[in-house]
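J.: In case you want the letters, here they are:
There are 2 protein chains.
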Amino acid sequence: MDFKDLAALYKTELLDNVIPFWLQNSIDKECGGFFTCLERDGKVFDTDKFIWLQARQVWMFASLYNNVEKRKEWLDCAINGAEYLKKYGHDGSYNWYFSLTREGKPLIEPYNIFSYTFATIAFGQLSKATNSKMYADIALATFEIILSKVENPKGRWNKAYLGTCNLKNFALPMILCNLAQEIEHLLDPKILNELMENCIHTVMEEFCRPELGGIIVENITVSNELSDTFDGRLVNPGHAIESMWFIMDLAVRLNRPELIQKAVKITITMIEYGWDKEHGGIYYFMDRLNKPMQQLEWDQKLWWVHVETLIALLKGYNLTGSKECLEWYKKIHDYSWKHFKDEKYAEWYGYLNRQGVPLLSLKGGKWKGCFHIPRAMYQCWKTAEEIANKEI
Amino acid sequence: MDFKDLAALYKTELLDNVIPFWLQNSIDKECGGFFTCLERDGKVFDTDKFIWLQARQVWMFASLYNNVEKRKEWLDCAINGAEYLKKYGHDGSYNWYFSLTREGKPLIEPYNIFSYTFATIAFGQLSKATNSKMYADIALATFEIILSKVENPKGRWNKAYLGTCNLKNFALPMILCNLAQEIEHLLDPKILNELMENCIHTVMEEFCRPELGGIIVENITVSNELSDTFDGRLVNPGHAIESMWFIMDLAVRLNRPELIQKAVKITITMIEYGWDKEHGGIYYFMDRLNKPMQQLEWDQKLWWVHVETLIALLKGYNLTGSKECLEWYKKIHDYSWKHFKDEKYAEWYGYLNRQGVPLLSLKGGKWKGCFHIPRAMYQCWKTAEEIANKEI
Numbered sequence: 000m001d002f003k004d005l006a007a008l009y010k011t012e013l014l015d016n017v018i019p020f021w022l023q024n025s026i027d028k029e030c031g032g033f034f035t036c037l038e039r040d041g042k043v044f045d046t047d048k049f050i051w052l053q054a055r056q057v058w059m060f061a062s063l064y065n066n067v068e069k070r071k072e073w074l075d076c077a078i079n080g081a082e083y084l085k086k087y088g089h090d091g092s093y094n095w096y097f098s099l100t101r102e103g104k105p106l107i108e109p110y111n112i113f114s115y116t117f118a119t120i121a122f123g124q125l126s127k128a129t130n131s132k133m134y135a136d137i138a139l140a141t142f143e144i145i146l147s148k149v150e151n152p153k154g155r156w157n158k159a160y161l162g163t164c165n166l167k168n169f170a171l172p173m174i175l176c177n178l179a180q181e182i183e184h185l186l187d188p189k190i191l192n193e194l195m196e197n198c199i200h201t202v203m204e205e206f207c208r209p210e211l212g213g214i215i216v217e218n219i220t221v222s223n224e225l226s227d228t229f230d231g232r233l234v235n236p237g238h239a240i241e242s243m244w245f246i247m248d249l250a251v252r253l254n255r256p257e258l259i260q261k262a263v264k265i266t267i268t269m270i271e272y273g274w275d276k277e278h279g280g281i282y283y284f285m286d287r288l289n290k291p292m293q294q295l296e297w298d299q300k301l302w303w304v305h306v307e308t309l310i311a312l313l314k315g316y317n318l319t320g321s322k323e324c325l326e327w328y329k330k331i332h333d334y335s336w337k338h339f340k341d342e343k344y345a346e347w348y349g350y351l352n353r354q355g356v357p358l359l360s361l362k363g364g365k366w367k368g369c370f371h372i373p374r375a376m377y378q379c380w381k382t383a384e385e386i387a388n389k390e391i
Numbered sequence: 000m001d002f003k004d005l006a007a008l009y010k011t012e013l014l015d016n017v018i019p020f021w022l023q024n025s026i027d028k029e030c031g032g033f034f035t036c037l038e039r040d041g042k043v044f045d046t047d048k049f050i051w052l053q054a055r056q057v058w059m060f061a062s063l064y065n066n067v068e069k070r071k072e073w074l075d076c077a078i079n080g081a082e083y084l085k086k087y088g089h090d091g092s093y094n095w096y097f098s099l100t101r102e103g104k105p106l107i108e109p110y111n112i113f114s115y116t117f118a119t120i121a122f123g124q125l126s127k128a129t130n131s132k133m134y135a136d137i138a139l140a141t142f143e144i145i146l147s148k149v150e151n152p153k154g155r156w157n158k159a160y161l162g163t164c165n166l167k168n169f170a171l172p173m174i175l176c177n178l179a180q181e182i183e184h185l186l187d188p189k190i191l192n193e194l195m196e197n198c199i200h201t202v203m204e205e206f207c208r209p210e211l212g213g214i215i216v217e218n219i220t221v222s223n224e225l226s227d228t229f230d231g232r233l234v235n236p237g238h239a240i241e242s243m244w245f246i247m248d249l250a251v252r253l254n255r256p257e258l259i260q261k262a263v264k265i266t267i268t269m270i271e272y273g274w275d276k277e278h279g280g281i282y283y284f285m286d287r288l289n290k291p292m293q294q295l296e297w298d299q300k301l302w303w304v305h306v307e308t309l310i311a312l313l314k315g316y317n318l319t320g321s322k323e324c325l326e327w328y329k330k331i332h333d334y335s336w337k338h339f340k341d342e343k344y345a346e347w348y349g350y351l352n353r354q355g356v357p358l359l360s361l362k363g364g365k366w367k368g369c370f371h372i373p374r375a376m377y378q379c380w381k382t383a384e385e386i387a388n389k390e391i
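Chains as they are written, first to last, in numbering that gives the first Met the number 0: chain U, 0 to 391; chain S, 0 to 391.
Since the hints were derived computationally from the structure, they do not count as laboratory data.
For every residue, glycine included, the Cβ atom is placed at its ideal position computed from N, Cα and C.
Be aware that a few hints might be false.
Unchecked claim - Cross-link-like lysine-lysine pairs, in silico, DSS-like; alpha carbons within 27 Å at most:
(1) 132(U) - 69(U)
(2) 104(S) - 153(U)
(3) 167(U) - 148(S)
(4) 153(U) - 389(S)
(5) 340(S) - 104(U)
(6) 340(U) - 10(U)
(7) 189(U) - 86(U)
(8) 329(S) - 343(U)
(9) 42(S) - 290(U)
(10) 322(U) - 276(U)
(11) 340(S) - 290(S)
(12) 340(S) - 158(U)
(13) 85(U) - 340(S)
(14) 104(S) - 340(U)
(15) 42(U) - 261(S)
(16) 276(U) - 42(U)
(17) 85(U) - 28(U)
(18) 86(S) - 104(U)
(19) 153(U) - 148(S)
(20) 148(U) - 42(S)
(21) 104(U) - 42(S)
(22) 86(U) - 10(U)
(23) 153(U) - 189(S)
(24) 167(U) - 104(S)
(25) 365(S) - 365(U)
(26) 167(S) - 104(S)
(27) 86(S) - 153(S)
(28) 10(U) - 389(U)
(29) 381(S) - 158(U)
(30) 85(S) - 10(S)
(31) 264(U) - 343(U)
(32) 167(S) - 158(U)
(33) 148(U) - 104(S)
(34) 389(S) - 261(S)
(35) 153(U) - 167(S)
(36) 104(U) - 365(S)
What the hints assert, rightly or not - Here are some, though not all, of the chain S residues that point toward chain U, as calculated from beta-carbon distances under 7 Å:
(37) 87
(38) 101
(39) 103
(40) 105
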């Protein structure tokens, strides 16, 4: 594998294909913010605005501006989204709605904690790009609210009857692993440290289960036990793998080689667990006891699962030289580029059926925006570059 | 087509295959109520109890007892479920939870209006079978609560921001069409009449859209207009077709031949609209503007969609002699018996992929219980019998 070529491939795909797609098609010049419901060719097919995706696109462009090049159009794009979010995205007290009309009227109430986490990383990155105290304050105020909601993230919209069988979910601690690093320039070092240690502990010692061969489960009881219920049996390989590169980044930052080794091992375990031996690709959902699932989409192949896996494997290889990482990387790379990349139009497909055929033609929708694909292109580009530089 | 044979086929499938499956596998003799999460061979794979399915099974067995034969084991089965529901299913004021643990502790709060509607028809049918005033009172008290919730069925769990773009959904008026007839023995004739007229009007004049060629959409604005949003574009052919046999039943009861003709026409329109010309079967979800959908399961083939279609077509043929009904009936009959019936074990599969291959092995789960399959067997048996008797 020529890592110089690989770096160039990802750089080109990012800068000449994916980012231009979003710059050309997603900016709402009239009302502010972004259209994210984009057809295969980039045409807007719905104008609802989802806070997850508004914030993630702000983050993406601010991050490109901070880490790749000081291009004005990238900063302008990020600010366009941030101003829209600042004005319409919350209830006045940084309780972030889930979605808005094109004009910014609230559609869905602030029930979803990830609207808050993505707002935090968006304003966090943008505060770095602009040196704006206002943006930093929004990030910090939102972060405070997240911390206050950790115990019951859905608040009054929580349908679980409190006290019977309350499970805790993997998604929030996993996202906090990433969020901690995103806003470290805004945090008191003591709080940052505590947050990082907590996240690492929760992910590696609570949700990762040695008694199940080291896989990560999506839900455990509040006393950290496995639960033989639909939610307690659920495994989401993509989630687990994505969290492992967050952990690798944390481990590098904290200089903990043994944590890197552990994260690489879990990555491989999860890919072997989640790989569809019949049709290729990684399943969306699995049941750890092989029981029938509630998720009808369990056998589908999703864009984010595969590109997050590319990041984790390439980082794993870069950090440890693991042959398993490299072999799996080649396999997932081939699968992803063959099935998700659209050869006719820009950007990548999001949803394939089990056989690897696109199930929806969209390039962006309610959940797919300007985030996983470009972030993965960036991460793979930079990681491949590091590997190439070491080889010289 | 020999309708005497057809009647016998459905009768045998109901009484010798489907009903024994539930009697043998689903009754929880220890804690009361029913297990509904049953593997292909009937083995219990999860013990959570969902109020929809508890109530629907009570209804099914009470209905068999009332309409087929006074078998004690059927009545006992219905009472087993009803007593469990009475004791654990609600908060003390007939606010019906969504799900319970095996022992009856609440798991999911009473956010779902259909827990209430199915409780109503369960206790309504059982009050007929037992002449019990207590069961009748539960049905009526629950019915009162439903009426009070029509405007905002999800109450405090409603995530839609009130006032921006509120849509009304087809499911509740559709279910009320059926519910009205189920509890007519308990209702004041004036209230019953109003309810029936309202339902017919809402279904036929509001959700059925002549400007779209007479299809039924799942959501319209509160001022009865189409909405070009994800929910406003949604079409659920199975829902629409199921409602048409409720309307046919109402039309027979009210002696309105023109309403029968209209319902038959919509049935055919919806089947032609929803039929998968490539792989056969009826799609689960569609977008009326052919835009990408949020529902990742849109192309799957579900048991209830197909067996509800069998009922609507057979009733339509019985009531009007429509050749189109008969031709489509044959096609859907062949598809359903070929793909959903399990040749090795009792009961039918619930979830097929687009190609018609089972996606989940379960016979019962969170949504599939002792309801659509046996109800359809019963309805097809009785309707085929009527047709056969006319032919003599």
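J.: Run every hint past the structure and note whether it holds.
T.: Hint-by-hint comparison with the structure:
1. 132(U) - 69(U): 20 Å, holds
2. 104(S) - 153(U): 21 Å, holds
3. 167(U) - 148(S): 31 Å, violated
4. 153(U) - 389(S): 58 Å, violated
5. 340(S) - 104(U): 48 Å, violated
6. 340(U) - 10(U): Holds: residue 340(U) and residue 10(U) sit about 15 Å apart, inside 27 Å.
7. 189(U) - 86(U): Outside the cut-off at roughly 32 Å; violated.
8. 329(S) - 343(U): Violated, because 42 Å separates the two Cα atoms, which is more than 27 Å.
9. 42(S) - 290(U): Within the cut-off at roughly 11 Å; holds.
10. 322(U) - 276(U): Satisfied, since the Cα-Cα distance of roughly 20 Å is no more than 27 Å.
11. 340(S) - 290(S): 33 Å, violated
12. 340(S) - 158(U): Measuring from Cα to Cα gives roughly 35 Å; hence the hint is violated.
13. 85(U) - 340(S): Between residue 85(U) and residue 340(S) the Cα gap is close to 55 Å, so the pair fails against 27 Å, i.e. violated.
14. 104(S) - 340(U): Given that 27 Å is the threshold and the Cα spacing comes to 48 Å, the pair is violated.
15. 42(U) - 261(S): 38 Å, violated
16. 276(U) - 42(U): Distance of about 36 Å is beyond 27 Å: violated.
17. 85(U) - 28(U): The given pair, whose Cα atoms are some 16 Å apart, holds under the 27 Å limit.
18. 86(S) - 104(U): 44 Å, violated
19. 153(U) - 148(S): This hinted pair holds, its Cα atoms lying about 23 Å apart.
20. 148(U) - 42(S): 40 Å, violated
21. 104(U) - 42(S): Given pair residue 104(U), residue 42(S) is violated - Cα atoms ~49 Å apart, limit 27 Å.
22. 86(U) - 10(U): Violated, at about 34 Å.
23. 153(U) - 189(S): 43 Å, violated
24. 167(U) - 104(S): 19 Å, holds
25. 365(S) - 365(U): Given pair residue 365(S), residue 365(U) holds - Cα atoms ~25 Å apart, limit 27 Å.
26. 167(S) - 104(S): Roughly 32 Å separates the two Cα atoms, so the pair is violated.
27. 86(S) - 153(S): Distance ~23 Å between residue 86(S) and residue 153(S) Cα, so the pair holds.
28. 10(U) - 389(U): 18 Å, holds
29. 381(S) - 158(U): Outside the cut-off at roughly 40 Å; violated.
30. 85(S) - 10(S): 31 Å, violated
31. 264(U) - 343(U): 37 Å, violated
32. 167(S) - 158(U): Holds, because 21 Å separates the two Cα atoms, which is no more than 27 Å.
33. 148(U) - 104(S): 25 Å, holds
34. 389(S) - 261(S): 23 Å, holds
35. 153(U) - 167(S): It holds: about 24 Å lies between the C-alpha atoms, which stays within 27 Å.
36. 104(U) - 365(S): Violated, at roughly 35 Å.
37. 87: 12 Å, violated
38. 101: Result: violated, 11 Å to nearest chain U Cβ.
39. 103: 10 Å, violated
40. 105: 4 Å, holds
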